[in-house]
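Next come the chains, spelled out residue by residue.
2 protein chains.
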Amino acid sequence: MAENSGNTVIGVDIGGTNTVFGIVDNFGNILLEDSFRTQETNGPEEFFSRLCQGIISLIEKADGAKPLGIGIGSPNGNYYKGTVEYPPNLKWDIVDVVGEIKKYLDLPVVVTNDANAAAIGEMKYGSAKGMKNFILITLGTGLGSGIVVNGEVAYGAYGFAGEIGHMTAIENGRSCGCGRKGCLETYASAPGLSRTAFELFQKQNDNIELRSLKMEDISSKKVYELAESGEALAIEAFDYTGKILGKKLGDAVAVTEPEAIILFGGLARAGDWILKPTQKALDDAVLPIFKNKVKVKPSGLQERNIAILGAAALIFHDLK
Amino acid sequence: MAENSGNTVIGVDIGGTNTVFGIVDNFGNILLEDSFRTQETNGPEEFFSRLCQGIISLIEKADGAKPLGIGIGSPNGNYYKGTVEYPPNLKWDIVDVVGEIKKYLDLPVVVTNDANAAAIGEMKYGSAKGMKNFILITLGTGLGSGIVVNGEVAYGAYGFAGEIGHMTAIENGRSCGCGRKGCLETYASAPGLSRTAFELFQKQNDNIELRSLKMEDISSKKVYELAESGEALAIEAFDYTGKILGKKLGDAVAVTEPEAIILFGGLARAGDWILKPTQKALDDAVLPIFKNKVKVKPSGLQERNIAILGAAALIFHDLK
Numbered sequence: 119m120a121e122n123s124g125n126t127v128i129g130v131d132i133g134g135t136n137t138v139f140g141i142v143d144n145f146g147n148i149l150l151e152d153s154f155r156t157q158e159t160n161g162p163e164e165f166f167s168r169l170c171q172g173i174i175s176l177i178e179k180a181d182g183a184k185p186l187g188i189g190i191g192s193p194n195g196n197y198y199k200g201t202v203e204y205p206p207n208l209k210w211d212i213v214d215v216v217g218e219i220k221k222y223l224d225l226p227v228v229v230t231n232d233a234n235a236a237a238i239g240e241m242k243y244g245s246a247k248g249m250k251n252f253i254l255i256t257l258g259t260g261l262g263s264g265i266v267v268n269g270e271v272a273y274g275a276y277g278f279a280g281e282i283g284h285m286t287a288i289e290n291g292r293s294c295g296c297g298r299k300g301c302l303e304t305y306a307s308a309p310g311l312s313r314t315a316f317e318l319f320q321k322q323n324d325n326i327e328l329r330s331l332k333m334e335d336i337s338s339k340k341v342y343e344l345a346e347s348g349e350a351l352a353i354e355a356f357d358y359t360g361k362i363l364g365k366k367l368g369d370a371v372a373v374t375e376p377e378a379i380i381l382f383g384g385l386a387r388a389g390d391w392i393l394k395p396t397q398k399a400l401d402d403a404v405l406p407i408f409k410n411k412v413k414v415k416p417s418g419l420q421e422r423n424i425a426i427l428g429a430a431a432l433i434f435h436d437l438k
Numbered sequence: 119m120a121e122n123s124g125n126t127v128i129g130v131d132i133g134g135t136n137t138v139f140g141i142v143d144n145f146g147n148i149l150l151e152d153s154f155r156t157q158e159t160n161g162p163e164e165f166f167s168r169l170c171q172g173i174i175s176l177i178e179k180a181d182g183a184k185p186l187g188i189g190i191g192s193p194n195g196n197y198y199k200g201t202v203e204y205p206p207n208l209k210w211d212i213v214d215v216v217g218e219i220k221k222y223l224d225l226p227v228v229v230t231n232d233a234n235a236a237a238i239g240e241m242k243y244g245s246a247k248g249m250k251n252f253i254l255i256t257l258g259t260g261l262g263s264g265i266v267v268n269g270e271v272a273y274g275a276y277g278f279a280g281e282i283g284h285m286t287a288i289e290n291g292r293s294c295g296c297g298r299k300g301c302l303e304t305y306a307s308a309p310g311l312s313r314t315a316f317e318l319f320q321k322q323n324d325n326i327e328l329r330s331l332k333m334e335d336i337s338s339k340k341v342y343e344l345a346e347s348g349e350a351l352a353i354e355a356f357d358y359t360g361k362i363l364g365k366k367l368g369d370a371v372a373v374t375e376p377e378a379i380i381l382f383g384g385l386a387r388a389g390d391w392i393l394k395p396t397q398k399a400l401d402d403a404v405l406p407i408f409k410n411k412v413k414v415k416p417s418g419l420q421e422r423n424i425a426i427l428g429a430a431a432l433i434f435h436d437l438k
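Order-wise, the sequence lines are chains S and P. All letters in the first sequence, in the order written, are residues 119 to 438 by my numbering. All letters in the second sequence, in the order written, are residues 119 to 438 by my numbering.
Just chain S, same shape as in the assembly:
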């Protein structure tokens, strides 16, 4: 194991499926970790009781040394209020996360959404080390974003900054879960890529096998495998996705001028299939002063660790 600074924190990632948590040191080593299925707990009170028992067990298993604090990344986590509000996939309404934790543990607690936590994780341990201005994009079921300006996460006036997934990419485009149309995430996300591939497969005449696939059979992983095998339509689906993503990121670049845009999540695992068309569309879309300056990069962290490391980096950052 790498050097341990002696100062540790707890990083927690509340996910729709699993909740993972661990003891993390200042160098990004996860010293101990554990997890449980989020849905197995009945409501937020039971959830936080279980989480805190788990954290207390981890601390005892380590050497009993008190961690400096707890960082929590969660869908719809609000930094200012210390709450999680109506998280998708969980039947919670507004939960006072800081209050729930304080029932069991007397430690500083900070909450934010998962994309903001990932951004801080990249800044402390990953691809954004040393950067003070960058954008982190998560390409999964939706498109999340964490915006870092002057070395700090932009939380916004009320804690809801970073909704790049809901910038309008195509006027009157695809219907979005938010109730509007043409949002970027209806194109640039795992389901967005699947839909694009499905539409392309439907339109062609030669390959009956592809044409007969249902949308639910076309995962982003499947599109990736088809692209790797040389299937032109799958490559076209990535190109189309990257083109829309890069063009719209150009608008975000005009606002905050990041040094880099870091992609992670299911769709980002496709590597150059998505990175290259995104970079090209971005460079085509922006002012001459931004051209070939803003790099589209993959995450510098192992995907399974990003969530815990991001949450840990969040509390390290705030304690500074």
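Keep in mind the hints are simulated off the structure, nothing from the lab. All C-beta atoms in this analysis are idealised placements derived from N, C-alpha and C, irrespective of residue type, glycine included. Fair warning: there could be bad hints in the mix.
As the list claims (entries may be wrong) - Pulled from the structure, derived: some chain S residues nowhere near chain P, Cβ distances all over 12 Å:
#, residue
1, G146
2, T156
3, N160
4, G182
5, N194
6, E218
7, K220
8, L223
9, V266
10, R292
11, K321
12, N323
13, L344
14, D357
15, T374
16, G384
Stated by the list, open to error - Covered stretches of chain S, going by a simulated chain P footprint (3 or more residues, C-beta under 8 Å):
#, region
17, 234–248
18, 417–428
Given chain S, put chain P in place with the hints provided.
Frame of chain S; chain P shown alone:
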């Protein structure tokens, strides 16, 4: 005269036509000011010699007390480098502003572009007092913007953040001075409004007087006067302009979630004619969580003072 805190700074606004500068106290009182025609000086060396002589004279005229520093707002001013680079309307290339000033005055010097300076001015003295997240939009010959995040101006990775005027508003729209098409400032600016009014006037059949106007005869002031007199096409021109501006500002809101968007400059003087359609289009464009939250407001400063006060607030802010 209002109370003078005793601590003063010099605020300088380098304009394409006039350069104005003054001694400003912590409460936003301009104690003394002077100006000269920028173009009357032959190149940057002569310009800065004249400017510094003017500043030295002002200090002597006051009580000789040494100001704390000098803040400078200039088109294409770069905060990180302390330079002004290829400013429009001036035949300068890259000028080391801090170096030029230091030849004459031993004071801290900070440079930024005029929109960033105005944003800091609004934060210290104007409509954005107490706000930590807002966007300042200048609607003049072009569209400039200053983005404030967590109480600090977003200068970006290289000093070029805040190019909202060059976000793409209309796909393949009007040609922009930057070489691209459909940039927001080709619609939302004084010349943009003039063009919109001209196009609307051309299309109608009844009013020969309006139809015969050349574009150069249709200033934004003229469109304002026509709207005030009840001319429906002039009102429509404002509505169209506000609709494009508000919709596009919705994209910027998705990035940084400002508490307010403050408009100033020639076109903003039209008041509700531009503010109301902009607010409506913004509220129509954004996610439900942002609706009716982000206020579109006029500047809280007298227009003739914004430039000096912004530059003064810049150096006050940096000295803190």
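Each hint tested on the structure:
A cut-off of 12 Å between C-beta atoms confirms that G146 (chain S) is not in contact with chain P; the least separation is 24 Å. With a cut of 12 Å on Cβ distances, T156 (chain S) stays outside the contact zone with chain P, its closest approach being about 23 Å. The claim that N160 (chain S) is not at the interface with chain P holds, since no C-beta of that chain comes within 12 Å of its own (minimum 28 Å). Residue placement check: G182 (chain S) keeps its beta carbon more than 12 Å from all beta carbons of chain P (closest about 37 Å).
Residue-level check failed: N194 (chain S) sits 10 Å from the nearest beta carbon of chain P, not beyond 12 Å. Listed as outside the interface, E218 (chain S) is consistent with that label: its C-beta sits roughly 23 Å from the nearest C-beta of chain P, beyond the 12 Å cut-off. With a least CB separation of 26 Å from chain P, K220 (chain S) remains clear of the 12 Å interface cut-off, as annotated. Every CB of chain P lies more than 12 Å from the CB of L223 (chain S), the least distance being 28 Å, so the non-interface label holds.
Chain P draws V266 (chain S) into its interface by the beta-carbon criterion, the shortest separation being 10 Å against a cut-off of 12 Å. Separation of R292 (chain S) from chain P is adequate, the least Cβ-Cβ distance of about 16 Å exceeding the 12 Å criterion. Under the 12 Å C-beta cut-off, the non-interface status given to K321 (chain S) relative to chain P holds; the minimum distance is some 23 Å. Here N323 (chain S) stays apart from chain P, with its beta-carbon at least about 30 Å from theirs, past the 12 Å limit.
Interface exclusion of L344 (chain S) from chain P stands, the closest Cβ pair being 30 Å apart, more than 12 Å. With 12 Å as the threshold on Cβ separation, the claim that D357 (chain S) sits away from chain P holds: the shortest Cβ distance comes to roughly 18 Å. Residue placement check: T374 (chain S) does not keep its beta carbon more than 12 Å from all beta carbons of chain P (closest about 5 Å). Interface exclusion of G384 (chain S) from chain P stands, the closest Cβ pair being 22 Å apart, more than 12 Å.
Counting residues of the region 234–248 of chain S whose C-beta sits closer than 8 Å to any C-beta of chain P gives 0, which falls short of three, so the coverage hint is violated. Given a C-beta distance limit of less than 8 Å, the hint that chain P covers the region 417–428 of chain S is violated, as 0 residues qualify and 3 are needed.
Of the numbered hints listed earlier, those contradicted by the structure are 5, 9, 15, 17 and 18.
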